[in-house]
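Below are the chains, spelled out letter by letter.
Number of protein chains: 2
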Amino acid sequence: MELLKKRILTDGTISEGNILRVDSFLNHQIDVKLLNEIGKELQRRFQNETITKILTIEVSGIAIASIAAQYFDVPVVFAKKHQGINSDPDSYESHVFSYTKKQPYSIKVSKKFLSKDDKILIIDDFLASGSAVSGLLDILEQSEATVSGVGIIIEKNFQEGRQLLESKNIHLESLAIIDSISDGTVNFA
Amino acid sequence: MELLKKRILTDGTISEGNILRVDSFLNHQIDVKLLNEIGKELQRRFQNETITKILTIEVSGIAIASIAAQYFDVPVVFAKKHQGINSDPDSYESHVFSYTKKQPYSIKVSKKFLSKDDKILIIDDFLASGSAVSGLLDILEQSEATVSGVGIIIEKNFQEGRQLLESKNIHLESLAIIDSISDGTVNFA
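Residue numbers (the UniProt record's numbering), protein chains in the order written: chain A, 1 to 189; chain B, 1 to 189.
Accuracy of the hints is not assured; some may be wrong.
[Said to hold, decoys possible] In silico PhoX-like links for lysine-lysine, alpha-carbon gap of 25 Å or less:
1) 6/A - 102/B
2) 40/B - 102/B
3) 168/B - 116/B
4) 53/A - 102/A
5) 33/A - 40/B
6) 108/A - 168/B
7) 53/A - 101/A
8) 33/B - 119/A
9) 116/A - 33/B
10) 112/B - 5/A
11) 102/A - 108/B
12) 116/A - 33/A
13) 81/A - 101/B
14) 81/A - 102/A
15) 108/A - 6/B
16) 168/A - 108/A
17) 112/A - 112/B
18) 6/A - 53/A
19) 111/B - 33/A
20) 108/A - 119/A
21) 81/A - 119/A
22) 53/A - 33/B
23) 119/B - 81/A
24) 53/A - 119/B
25) 81/A - 116/A
26) 102/B - 116/B
27) 33/B - 108/B
28) 101/A - 119/A
29) 40/B - 112/A
30) 101/A - 81/B
31) 33/A - 119/B
32) 116/B - 112/A
[To be verified] Calculated Cβ distances over 10 Å to all of chain B for the following chain A residues:
33) 58
34) 106
35) 117
36) 143
Hints listed in this document are in silico derivations from the structure and should not be mistaken for laboratory results. Note that CB positions come from ideal geometry on N, CA and C, so glycine has one too.
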């Protein structure tokens, strides 16, 4: 998606350790117009799949999934990382390893919001190691829902996330695929 | 807003301690169609205010603010509760007391995304004690941005949030105002 790639080159910043930051339009400040274009493009790419619900994970996936859901005409469910005292005890649970924090955390989705009749599109901001997506897939397996696909905004294809999804024959669409980040420069595939 | 009140009565649940849960359409599963109606209503109520940006707070405010932002044609910024290693060290910071967790937590907004020229509409899901909104107002004061208003989806007017905002002469609009919750029943104002 050219509009997105251009935006990454213009407004993305590379911090220490070749970490791409997109907090001026995706992760902290949100450019809702860009998200609308992203939503339309995701709908175009998954138009041949049956989708009854979009599943994402807090925090960064929520805005993307909510805007995109308008083009699919389905509700969004987000997996919770941070459980409050009001959390539903009757939930599916899985574990995700955070590479930035170097520790695992649990994610939960209330059993009320996923059923075996659901056909789910997973949407997330980044795909790198695939740990977050794996946690979501684990939850979908527990619920016996069908996985219709995985839509990613920015994929780092020098990590193992893509292989993991391809090995499961999951329909993966990434709107910007990064081959490498070196010397402060993003190189797209 | 009648549509919202009806939805609260139909799909909201009251858990122990007279806590209203709206996780089937607002806080965990998200009804994007309802959020669109909420966004239109917020725009109608703040149509006479100048607004350059919407400020909200993770997690539950993000979807609401993002969908609403389409009707205001402005970007969204969300205050972060959970700071990762990629967080911007150059941020405005404030503190919010969580009544559900009985402890304070810090919220941050990168200085890049708020300026003294901004005219900010704060949007959040609930207004009760007003602690979250107070933290956001503190951050706006630090940034010298103007507060154009506060838009709330569900207000519990038996707590002190409204008084706090009225004492500061802030334009407050709440789409559903709850007078009391007793014996498992929600009573609107």
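Here is what the structure says about each hint:
1. 6/A - 102/B: violated, 45 Å
2. 40/B - 102/B: At roughly 35 Å apart (the allowed maximum being 25 Å), residue 102/B and residue 40/B break the hint.
3. 168/B - 116/B: OK: residue 168/B and residue 116/B at ~19 Å, within 25 Å.
4. 53/A - 102/A: violated, 31 Å
5. 33/A - 40/B: holds, 16 Å
6. 108/A - 168/B: violated, 39 Å
7. 53/A - 101/A: violated, 30 Å
8. 33/B - 119/A: holds, 19 Å
9. 116/A - 33/B: holds, 23 Å
10. 112/B - 5/A: With Cα atoms ~22 Å apart, residue 112/B and residue 5/A stay inside 25 Å; holds.
11. 102/A - 108/B: Holds, at roughly 22 Å.
12. 116/A - 33/A: Roughly 34 Å separates the two Cα atoms, so the pair is violated.
13. 81/A - 101/B: holds, 15 Å
14. 81/A - 102/A: holds, 15 Å
15. 108/A - 6/B: violated, 28 Å
16. 168/A - 108/A: Status holds; Cα separation ~22 Å.
17. 112/A - 112/B: Judged against 25 Å, a Cα distance of about 40 Å means the pair is violated.
18. 6/A - 53/A: violated, 30 Å
19. 111/B - 33/A: holds, 22 Å
20. 108/A - 119/A: With a Cα-Cα distance of about 18 Å, the restraint between residue 108/A and residue 119/A holds, given a limit of 25 Å.
21. 81/A - 119/A: Within the cut-off at roughly 23 Å; holds.
22. 53/A - 33/B: holds, 13 Å
23. 119/B - 81/A: violated, 32 Å
24. 53/A - 119/B: With Cα atoms ~35 Å apart, residue 53/A and residue 119/B exceed 25 Å; violated.
25. 81/A - 116/A: holds, 23 Å
26. 102/B - 116/B: Violated. Residue 102/B to residue 116/B sits at ~33 Å, over the 25 Å cutoff.
27. 33/B - 108/B: Distance ~30 Å between residue 33/B and residue 108/B Cα, so the pair is violated.
28. 101/A - 119/A: violated, 32 Å
29. 40/B - 112/A: violated, 29 Å
30. 101/A - 81/B: The given pair, whose Cα atoms are some 15 Å apart, holds under the 25 Å limit.
31. 33/A - 119/B: holds, 19 Å
32. 116/B - 112/A: Roughly 44 Å between the alpha carbons, so the hint for residue 116/B and residue 112/A is violated.
33. 58: violated, 5 Å
34. 106: holds, 14 Å
35. 117: Given a closest Cβ separation of 15 Å, the condition holds.
36. 143: Non-interface label stands for residue 143/A: nearest chain B Cβ at 13 Å, farther than 10 Å.
Checked against the numbered hints given earlier, this structure breaks hints 1, 2, 4, 6, 7, 12, 15, 17, 18, 23, 24, 26, 27, 28, 29, 32 and 33; the rest are met.
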